[in-house]
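J.: All residue numbers for the sequence shown refer to the working numbering, where the first residue is 341 and numbers rise by one.
Since the hints were made in silico from the structure, they are not lab data.
Here a beta-carbon is modelled for each residue, glycine too, at the ideal position from N, C-alpha and C.
Some hints here could point you the wrong way.
The following label-pair restraints were derived from C-beta to C-beta distances [claimed, not checked]:
{"id": "1", "residue 1": "Leu-442", "residue 2": "Glu-620", "range": "45 to 55 Å"}
{"id": "2", "residue 1": "Arg-565", "residue 2": "Met-482", "range": "37 to 47 Å"}
{"id": "3", "residue 1": "Ala-361", "residue 2": "Asp-544", "range": "40 to 50 Å"}
{"id": "4", "residue 1": "Ala-601", "residue 2": "Asp-544", "range": "50 to 60 Å"}
{"id": "5", "residue 1": "Ala-443", "residue 2": "Pro-400", "range": "16 to 26 Å"}
{"id": "6", "residue 1": "Pro-590", "residue 2": "Pro-450", "range": "45 to 55 Å"}
{"id": "7", "residue 1": "Thr-617", "residue 2": "Met-482", "range": "44 to 54 Å"}
{"id": "8", "residue 1": "Thr-567", "residue 2": "Pro-489", "range": "42 to 52 Å"}
{"id": "9", "residue 1": "Gln-435", "residue 2": "Pro-489", "range": "17 to 27 Å"}
{"id": "10", "residue 1": "Arg-608", "residue 2": "Ala-443", "range": "51 to 61 Å"}
{"id": "11", "residue 1": "Trp-371", "residue 2": "Ala-456", "range": "19 to 29 Å"}
{"id": "12", "residue 1": "Asp-484", "residue 2": "Val-553", "range": "36 to 46 Å"}
{"id": "13", "residue 1": "Ala-443", "residue 2": "Ala-355", "range": "15 to 25 Å"}
{"id": "14", "residue 1": "Asp-484", "residue 2": "Gln-435", "range": "15 to 25 Å"}
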Amino acid sequence: MRPVREYVADPSTEASWHLLASPQTEIPFEWHYHPEYELTLTLNARGQRFVGDSIADFGPCDLVLVGANLPHAWSVHDRQERRSPLTTRVCWFSQTWVDQLLAACAELAPLARLCARATRGLAFPPEVALQQRDAILKLAEMSDARRLPALLDVLVQLAEVSDAQELASGHYTGWVETDPHNARLTRVLAQLHERFAEPVDIADLAARAALSVGAFHRFFRRHMRMTVTHYVAHLRVGRACQALIESERPIGVIAAEVGYANLAHFNRQFRAIRGATPREFRARYRPGR
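All chains should be modelled from the sequences, with the hints used to inform the complete structure.
T.: Below is the structure:
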(Lines of atoms letter the chains of each structure in order from A; the text may use other names.)
(Lines give C-alpha, C1' and ligand atoms only; values in the text may rest on other atoms or scores of the structure.)
Protein backbone atom coordinates (compact mmCIF):
# COMPACT_ATOMS: atom_id res chain seq x y z
CA MET A 341 0.00 0.00 0.00
CA ARG A 342 1.54 3.27 -1.12
CA PRO A 343 1.60 5.86 1.68
CA VAL A 344 0.08 9.29 1.06
CA ARG A 345 2.30 12.35 1.29
CA GLU A 346 0.85 14.59 3.99
CA TYR A 347 1.59 18.28 3.92
CA VAL A 348 1.89 19.55 7.47
CA ALA A 349 0.50 23.03 7.97
CA ASP A 350 3.21 25.68 8.07
CA PRO A 351 4.00 27.06 11.50
CA SER A 352 2.66 30.50 12.27
CA THR A 353 4.93 33.47 11.66
CA GLU A 354 5.57 33.57 15.42
CA ALA A 355 6.60 29.89 15.70
CA SER A 356 9.27 27.66 14.18
CA TRP A 357 7.42 24.36 14.68
CA HIS A 358 3.79 23.21 14.57
CA LEU A 359 1.43 21.97 17.30
CA LEU A 360 -1.87 20.17 16.66
CA ALA A 361 -4.11 20.42 19.69
CA SER A 362 -7.61 20.63 18.24
CA PRO A 363 -10.37 18.41 19.70
CA GLN A 364 -10.81 15.00 18.07
CA THR A 365 -13.67 12.52 18.24
CA GLU A 366 -11.64 9.90 16.35
CA ILE A 367 -8.29 9.27 14.68
CA PRO A 368 -8.84 8.32 11.04
CA PHE A 369 -6.68 5.51 9.67
CA GLU A 370 -4.46 7.34 7.19
CA TRP A 371 -1.29 5.61 5.99
CA HIS A 372 0.89 8.64 5.35
CA TYR A 373 4.34 10.19 5.67
CA HIS A 374 5.92 13.65 5.74
CA PRO A 375 9.46 15.04 5.99
CA GLU A 376 8.83 16.45 9.47
CA TYR A 377 9.51 14.57 12.70
CA GLU A 378 6.30 13.87 14.62
CA LEU A 379 5.94 13.54 18.38
CA THR A 380 2.46 12.15 19.14
CA LEU A 381 0.80 11.74 22.53
CA THR A 382 -2.44 9.71 22.47
CA LEU A 383 -4.66 9.52 25.56
CA ASN A 384 -7.74 7.47 26.46
CA ALA A 385 -7.55 5.18 23.43
CA ARG A 386 -6.61 1.62 22.59
CA GLY A 387 -5.78 0.14 19.23
CA GLN A 388 -2.95 -0.61 16.85
CA ARG A 389 -0.09 1.60 15.80
CA PHE A 390 1.43 1.13 12.32
CA VAL A 391 4.94 2.57 11.87
CA GLY A 392 6.96 1.40 8.88
CA ASP A 393 6.60 -2.37 8.88
CA SER A 394 5.75 -2.47 12.61
CA ILE A 395 2.26 -3.23 13.91
CA ALA A 396 1.93 -2.91 17.68
CA ASP A 397 -0.77 -2.42 20.28
CA PHE A 398 -0.98 0.91 22.05
CA GLY A 399 -2.70 1.75 25.31
CA PRO A 400 -4.36 4.73 26.98
CA CYS A 401 -1.18 6.83 27.32
CA ASP A 402 1.00 6.39 24.25
CA LEU A 403 3.99 8.52 23.29
CA VAL A 404 5.80 8.00 19.99
CA LEU A 405 8.41 9.91 17.97
CA VAL A 406 8.22 9.20 14.23
CA GLY A 407 11.19 10.00 12.01
CA ALA A 408 11.19 11.92 8.76
CA ASN A 409 9.47 10.23 5.79
CA LEU A 410 8.53 7.19 7.87
CA PRO A 411 5.00 5.98 6.95
CA HIS A 412 2.66 5.66 9.92
CA ALA A 413 -0.98 5.41 10.96
CA TRP A 414 -3.06 4.81 14.07
CA SER A 415 -6.10 2.51 14.26
CA VAL A 416 -8.22 3.25 17.33
CA HIS A 417 -10.56 0.48 18.47
CA ASP A 418 -12.04 1.92 21.66
CA ARG A 419 -11.58 4.33 24.52
CA GLN A 420 -10.48 3.35 28.00
CA GLU A 421 -13.08 5.67 29.53
CA ARG A 422 -16.20 5.84 27.35
CA ARG A 423 -17.37 9.14 28.82
CA SER A 424 -14.02 10.88 28.43
CA PRO A 425 -12.82 12.34 25.13
CA LEU A 426 -10.09 10.96 22.93
CA THR A 427 -7.13 13.32 23.29
CA THR A 428 -4.09 13.74 21.06
CA ARG A 429 -1.25 16.22 20.90
CA VAL A 430 1.00 16.24 17.84
CA CYS A 431 4.24 18.22 17.56
CA TRP A 432 5.85 18.52 14.13
CA PHE A 433 9.36 19.89 13.60
CA SER A 434 11.82 19.75 10.71
CA GLN A 435 15.43 18.65 10.39
CA THR A 436 16.26 22.25 9.50
CA TRP A 437 14.77 23.35 12.83
CA VAL A 438 16.95 20.82 14.66
CA ASP A 439 20.08 21.81 12.71
CA GLN A 440 19.56 25.51 13.46
CA LEU A 441 19.15 24.81 17.17
CA LEU A 442 22.30 22.68 17.22
CA ALA A 443 24.27 25.35 15.38
CA ALA A 444 23.23 27.98 17.94
CA CYS A 445 23.27 25.88 21.11
CA ALA A 446 25.88 23.15 21.59
CA GLU A 447 24.07 22.08 24.77
CA LEU A 448 21.26 20.65 22.63
CA ALA A 449 23.45 17.91 21.15
CA PRO A 450 21.15 15.24 22.67
CA LEU A 451 18.51 16.28 20.11
CA ALA A 452 20.73 15.03 17.29
CA ARG A 453 21.02 11.63 18.94
CA LEU A 454 17.27 11.50 19.56
CA CYS A 455 16.46 12.29 15.93
CA ALA A 456 18.95 9.70 14.69
CA ARG A 457 17.25 7.06 16.85
CA ALA A 458 13.83 8.15 15.57
CA THR A 459 14.65 7.09 12.01
CA ARG A 460 12.78 3.83 12.64
CA GLY A 461 10.28 5.35 15.09
CA LEU A 462 10.51 5.30 18.89
CA ALA A 463 7.80 4.21 21.33
CA PHE A 464 8.53 5.42 24.84
CA PRO A 465 7.76 3.27 27.91
CA PRO A 466 4.36 3.91 29.55
CA GLU A 467 5.96 5.42 32.64
CA VAL A 468 7.82 7.95 30.45
CA ALA A 469 4.61 8.83 28.61
CA LEU A 470 2.91 9.45 31.96
CA GLN A 471 5.80 11.63 33.13
CA GLN A 472 5.62 13.79 30.01
CA ARG A 473 1.83 13.84 29.64
CA ASP A 474 1.11 17.05 31.55
CA ALA A 475 4.03 18.95 30.02
CA ILE A 476 2.86 18.08 26.50
CA LEU A 477 -0.78 18.88 27.26
CA LYS A 478 0.18 22.29 28.66
CA LEU A 479 1.83 23.28 25.38
CA ALA A 480 -1.60 24.15 24.00
CA GLU A 481 -2.14 26.69 26.78
CA MET A 482 1.13 28.55 26.21
CA SER A 483 2.16 31.40 23.99
CA ASP A 484 4.47 30.57 21.10
CA ALA A 485 7.43 32.07 22.99
CA ARG A 486 6.86 29.85 26.04
CA ARG A 487 6.12 26.73 24.00
CA LEU A 488 9.59 26.54 22.48
CA PRO A 489 11.60 26.03 25.70
CA ALA A 490 8.83 23.76 27.01
CA LEU A 491 9.05 21.51 23.94
CA LEU A 492 12.85 21.49 24.08
CA ASP A 493 12.69 20.40 27.72
CA VAL A 494 10.44 17.48 26.74
CA LEU A 495 12.69 16.46 23.84
CA VAL A 496 15.88 16.65 25.91
CA GLN A 497 14.29 14.45 28.58
CA LEU A 498 13.17 11.96 25.92
CA ALA A 499 16.71 11.90 24.53
CA GLU A 500 17.85 10.56 27.92
CA VAL A 501 15.46 7.57 27.75
CA SER A 502 17.62 4.59 26.86
CA ASP A 503 14.91 1.94 26.69
CA ALA A 504 12.61 3.49 24.07
CA GLN A 505 11.52 0.78 21.63
CA GLU A 506 12.57 1.06 17.99
CA LEU A 507 9.54 0.24 15.85
CA ALA A 508 10.29 -0.35 12.16
CA SER A 509 12.72 -3.16 11.40
CA GLY A 510 16.32 -2.46 10.45
CA HIS A 511 15.74 -3.11 6.74
CA TYR A 512 12.80 -0.71 6.47
CA THR A 513 13.82 2.39 4.47
CA GLY A 514 10.84 4.69 4.83
CA TRP A 515 9.50 6.53 1.81
CA VAL A 516 12.18 8.97 0.70
CA GLU A 517 11.34 10.63 -2.59
CA THR A 518 13.74 13.56 -2.59
CA ASP A 519 17.15 12.04 -1.86
CA PRO A 520 18.98 11.81 -5.22
CA HIS A 521 21.11 8.95 -3.91
CA ASN A 522 17.94 6.89 -3.42
CA ALA A 523 16.23 7.80 -6.70
CA ARG A 524 16.91 4.42 -8.31
CA LEU A 525 15.69 2.47 -5.29
CA THR A 526 12.72 4.81 -4.87
CA ARG A 527 11.48 4.04 -8.40
CA VAL A 528 11.59 0.34 -7.61
CA LEU A 529 9.93 0.65 -4.19
CA ALA A 530 7.20 2.89 -5.64
CA GLN A 531 6.33 0.14 -8.10
CA LEU A 532 6.36 -2.56 -5.43
CA HIS A 533 4.24 -0.57 -2.97
CA GLU A 534 1.77 0.41 -5.68
CA ARG A 535 1.39 -3.07 -7.22
CA PHE A 536 2.38 -5.44 -4.42
CA ALA A 537 -0.64 -7.71 -5.03
CA GLU A 538 0.38 -8.38 -8.64
CA PRO A 539 2.95 -10.96 -9.80
CA VAL A 540 6.47 -9.56 -9.45
CA ASP A 541 8.00 -8.62 -12.80
CA ILE A 542 11.75 -8.65 -12.11
CA ALA A 543 12.65 -7.55 -15.64
CA ASP A 544 10.44 -4.46 -15.30
CA LEU A 545 11.91 -3.60 -11.89
CA ALA A 546 15.43 -4.00 -13.24
CA ALA A 547 14.57 -1.66 -16.13
CA ARG A 548 13.25 0.94 -13.67
CA ALA A 549 16.55 0.75 -11.84
CA ALA A 550 18.49 0.87 -15.15
CA LEU A 551 20.25 -2.39 -14.26
CA SER A 552 20.54 -5.86 -15.69
CA VAL A 553 18.46 -8.51 -13.93
CA GLY A 554 21.49 -10.00 -12.21
CA ALA A 555 22.81 -6.60 -11.10
CA PHE A 556 19.33 -5.63 -9.92
CA HIS A 557 19.08 -8.68 -7.62
CA ARG A 558 22.43 -7.78 -6.04
CA PHE A 559 21.48 -4.08 -5.80
CA PHE A 560 18.15 -4.79 -4.09
CA ARG A 561 19.59 -7.30 -1.63
CA ARG A 562 22.46 -4.97 -0.74
CA HIS A 563 20.14 -2.04 0.04
CA MET A 564 17.13 -3.88 1.51
CA ARG A 565 18.93 -6.79 3.23
CA MET A 566 16.47 -9.24 1.65
CA THR A 567 15.32 -10.51 -1.74
CA VAL A 568 12.56 -8.87 -3.75
CA THR A 569 10.32 -11.88 -3.10
CA HIS A 570 10.81 -11.62 0.65
CA TYR A 571 10.17 -7.86 0.58
CA VAL A 572 6.92 -8.30 -1.36
CA ALA A 573 5.83 -11.00 1.11
CA HIS A 574 6.30 -8.49 3.94
CA LEU A 575 4.24 -5.90 2.06
CA ARG A 576 1.44 -8.39 1.40
CA VAL A 577 1.35 -9.72 4.94
CA GLY A 578 1.43 -6.20 6.38
CA ARG A 579 -1.56 -5.20 4.24
CA ALA A 580 -3.32 -8.43 5.25
CA CYS A 581 -2.77 -7.58 8.92
CA GLN A 582 -4.53 -4.26 8.44
CA ALA A 583 -7.46 -5.95 6.68
CA LEU A 584 -7.74 -8.63 9.38
CA ILE A 585 -7.91 -5.96 12.07
CA GLU A 586 -10.24 -3.52 10.34
CA SER A 587 -12.70 -5.85 8.62
CA GLU A 588 -14.55 -9.12 9.00
CA ARG A 589 -13.86 -10.28 5.45
CA PRO A 590 -13.02 -13.99 5.17
CA ILE A 591 -9.33 -14.83 5.37
CA GLY A 592 -9.43 -16.40 1.90
CA VAL A 593 -10.80 -13.18 0.42
CA ILE A 594 -8.09 -11.10 2.13
CA ALA A 595 -5.41 -13.52 0.91
CA ALA A 596 -6.60 -13.06 -2.68
CA GLU A 597 -6.77 -9.28 -2.29
CA VAL A 598 -3.13 -9.07 -1.24
CA GLY A 599 -1.89 -11.34 -4.01
CA TYR A 600 -2.11 -14.96 -2.85
CA ALA A 601 -3.96 -17.39 -5.11
CA ASN A 602 -3.14 -20.26 -2.75
CA LEU A 603 -4.56 -19.94 0.78
CA ALA A 604 -2.18 -22.54 2.23
CA HIS A 605 0.80 -20.58 0.88
CA PHE A 606 -0.61 -17.38 2.38
CA ASN A 607 -1.02 -19.07 5.77
CA ARG A 608 2.57 -20.36 5.70
CA GLN A 609 4.08 -16.99 4.78
CA PHE A 610 1.88 -15.14 7.26
CA ARG A 611 2.97 -17.44 10.09
CA ALA A 612 6.63 -17.20 9.10
CA ILE A 613 6.53 -13.38 9.21
CA ARG A 614 4.09 -12.74 12.07
CA GLY A 615 4.60 -15.83 14.22
CA ALA A 616 0.89 -16.67 14.16
CA THR A 617 -1.70 -17.83 11.65
CA PRO A 618 -4.06 -15.22 10.17
CA ARG A 619 -6.88 -16.64 12.31
CA GLU A 620 -4.78 -16.38 15.47
CA PHE A 621 -3.69 -12.86 14.55
CA ARG A 622 -7.29 -11.72 14.05
CA ALA A 623 -8.38 -13.30 17.34
CA ARG A 624 -5.59 -11.48 19.15
CA TYR A 625 -6.68 -8.05 17.87
CA ARG A 626 -10.43 -8.64 17.55
CA PRO A 627 -11.43 -10.77 20.56
CA GLY A 628 -14.67 -12.65 20.10
CA ARG A 629 -14.68 -12.18 16.31
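J.: Run through the hints listed earlier and report the numbers of any the structure violates, in increasing order.
T.: Hints 4, 5, 12 not satisfied by this model.
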